[in-house]
Structure formats: structure tokens, C-alpha cells
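Here the protein sequences line up with chains A and B, keeping their order. Quick note: the first sequence uses this note's numbering, first residue 1, plus one each step. Quick note: the second sequence uses this note's numbering, first residue 1, plus one each step.
Derived by calculation from the structure, the hints in this document are not laboratory data. Incorrect hints may have been included.
[Stated by the list, open to error] Within a straight-line C-alpha distance of at most 30 Å, the following computed DSBU-like cross-link-like pairs (lysine-lysine) qualify:
#1 B:Lys6 <-> A:Lys146
#2 A:Lys101 <-> A:Lys49
#3 B:Lys6 <-> A:Lys102
#4 A:Lys101 <-> B:Lys6
#5 A:Lys49 <-> A:Lys103
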Amino acid sequence: MSSFTNSVVLHDYIIHICFDVLAAIAFLVAVYLSWIYRFPQEMTTLADKTSGRYFASIGLGAVIGSYSLGTLNSFLEGTPSVSRSVLGGLAGAIVAVEVWKKKRGMQASTGYIYALPLALMVAIGRIACAMSGLDDDTYGIPTGMKWGWNFGDGIPRHPVAIYEIISMTVLAIFLFSALRKRAEWYPRIAFYIFAGVYGAQRFVWEFLKPYPAVFWRLNVFHIVCLSMVVYAFYFATTSKRLQEIKENT
Amino acid sequence: MKRYFKLLIIATILIVAIVSGACGFYRPYTPPPANIDGH
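Model the full structure from these sequences, guided by the hints.
Here is the structure:
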């Protein structure tokens with residue numbers, strides 16, 4: 001077999017914990033650096049506008065979304081079990097925050113500070129998925145490509161987690177570059193760029209996964225990805241900068 | 001500002017603890033049919 005192979009020997013449970021902790025640390029450091037070095041005024045405004053309920057909404061939305069979407073997919077696969085999904089977590093947190101903002105009549109983006117950290121977090125977290133073998137249920141369909149990855153059953157498969165790591169790393173570099181230049185658009189649409197790019201690239205990778213279709217060739221993740229792209233486009237074109245709102249009031 | 005970051009750290013730790021592999025809900029792998037094309 002000419003394909004690149006990588007037999008997984010480490011237990012996926014330990015691997016996930018290690019990389020999830022690493023991803024969380026990278027996330028917090030990136031948030032802190034974004035504040036310190038680039039947008040201190042924006043962050044002060046954001047801190048004034050948000051409260052414990054804001055974070056409670058994010059947490060509740062992320063947990064409910066993650067478990068709901070992951071479990072729904074495992075149910076559709078015919079092997080019902082409690083499962084999780086990073087896409088579900090992101091979508092759930094977005095819905096929760098938008099509801100929180102709607103209740104307060106807030107039109108500005110509050111997530112720009114998380115754009116770069118989230119891209120980094122997904123890129124690091126996905127390393128665990130790539131290393132966790134078949135039990136993780138994040139492997140791709142069989143492929144004849146040279147870079148096919150043996151997840152443990154001897155069949156070369158698309159390493160979809162690696163594809164996602166690459167796309168999120170490219171996005172993180174782009175966002176970091178914009179942050180360094182203090183791009184004017186960053187506080188207004190950076191989060192929507194993250195959400196739109198994440199949804200679009202994940203939509204493509206989903207065609208390379210063995211998940212059951214629910215409509216035409218689309219699985220349940222495809223539908224959530226499309227919704228995320230539409231959401232990102234709509235809010236990127238209508239959302240205001242938080243600082244502008246504060247200055248006008 | 002300090003309060004914001006305190007809340008952010010707490011939320012991040014809780015989300016990672018509940019959603020990550022720390023909770024350990026995995027199902028055993030079931031081999032797919034040999035001719036599986038994904039859909």
C-alpha cells in the first residue's frame with residue numbers, strides 16, 4: 001500500500017483531554033493578547049456591555065448545541081449514543097448570544113475578540129480527532145489519494161480533521177495579520193468571517209465523511225453549515241461596530 | 001475588565017470540561033460496508 005499510514009496506538013480519551021486543554025489555553029491567551037495589543041477600547045466597551053448572563057448563554061448554548069447535534073447524527077447513523085460536535089457547540093453558542101443580544105436590542109458584534117482564538121482552538125482541537133482513530137467517528141470515507149490515512153482498520157481514508165486543521169490555520173494567519181494591522185473592519189465583522197469560513201469549509205469536508213444523508217446528498221452537518229454561512233453573511237452586512245454604538249449614545 | 005476575563009475563564013473551563021473528551025462518551029467503532037461511499 002503506497003498510502004501514508006498512521007496506526008493509532010494512544011487512547012483517544014487521553015488524547016482528547018490533552019488537546020482540548022491545550023486548545024482552551026491557546027484560546028484564552030489569544031483573547032487576552034487581542035485585548036492587550038490591539039483593541040483595548042473596544043474590549044472595555046464589550047466588558048461594559050456584557051455580564052454573567054452573557055457567558056452563561058454562551059456556555060448553555062455551546063453545551064446544548066454540541067450534544068444535540070452530535071447525538072442526532074449518531075442516531076441518524078443507526079448507532080444512537082451520546083455524542084458531541086464542535087459545529088453544534090459553535091452553532092448553539094451563536095444562537096444563544098444572538099437571542100441575548102436581541103433581548104437587549106444590541107446590533108453590534110460581541111464576538112470579534114473570539115474570531116482568531118476560535119480558529120486556533122479548532123485547529124488544535126482537531127489534532128486530537130486526527131489521532132483518535134475510528135472510535136472518534138471523525139474519519140473520512142475511503143480514498144485512493146496518496147495522503148490517505150489508516151485510522152486503524154487498514155483502509156486509507158480522507159483525514160478530514162487534517163483538512164480542517166489546514167483551513168483553520170490559514171484563517172488564523174489571515175485574522176492575525178488583520179489584527180496586527182488594526183484593520184478597521186475587524187471589530188465589526190471578524191467573528192462573521194470566522195463563522196462563514198468555518199461553515200463553508202466544513203460544508204465541503206462533510207462530503208468526505210460517511211455520515212447518512214438527510215436530504216439529497218446533504219447530512220445534518222451540511223444543513224447546519226449552510227445556516228451558519230447564511231447567518232455570517234447576513235450579520236456581516238448588517239452588524240455595527242460596538243464602539244460606534246457607544247459613541248453615538 | 002478583570003471581571004470579564006474571570007467570567008470568560010470560568011465559562012471556557014466549564015465548556016471544555018463538559019464538552020471535551022473529559023466526559024468520555026464514545027461508542028465502539030462499527031466497520032462500515034466495504035463499498036461505502038459516504039452516502
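A quick look at each hint next to the structure:
1. B:Lys6 <-> A:Lys146: violated (47 Å)
2. A:Lys101 <-> A:Lys49: holds (10 Å)
3. B:Lys6 <-> A:Lys102: Between Lys6 of chain B and Lys102 of chain A the Cα gap is close to 25 Å, so the pair holds against 30 Å.
4. A:Lys101 <-> B:Lys6: Cα-Cα ~21 Å, so holds.
5. A:Lys49 <-> A:Lys103: Within the cut-off at roughly 13 Å; holds.
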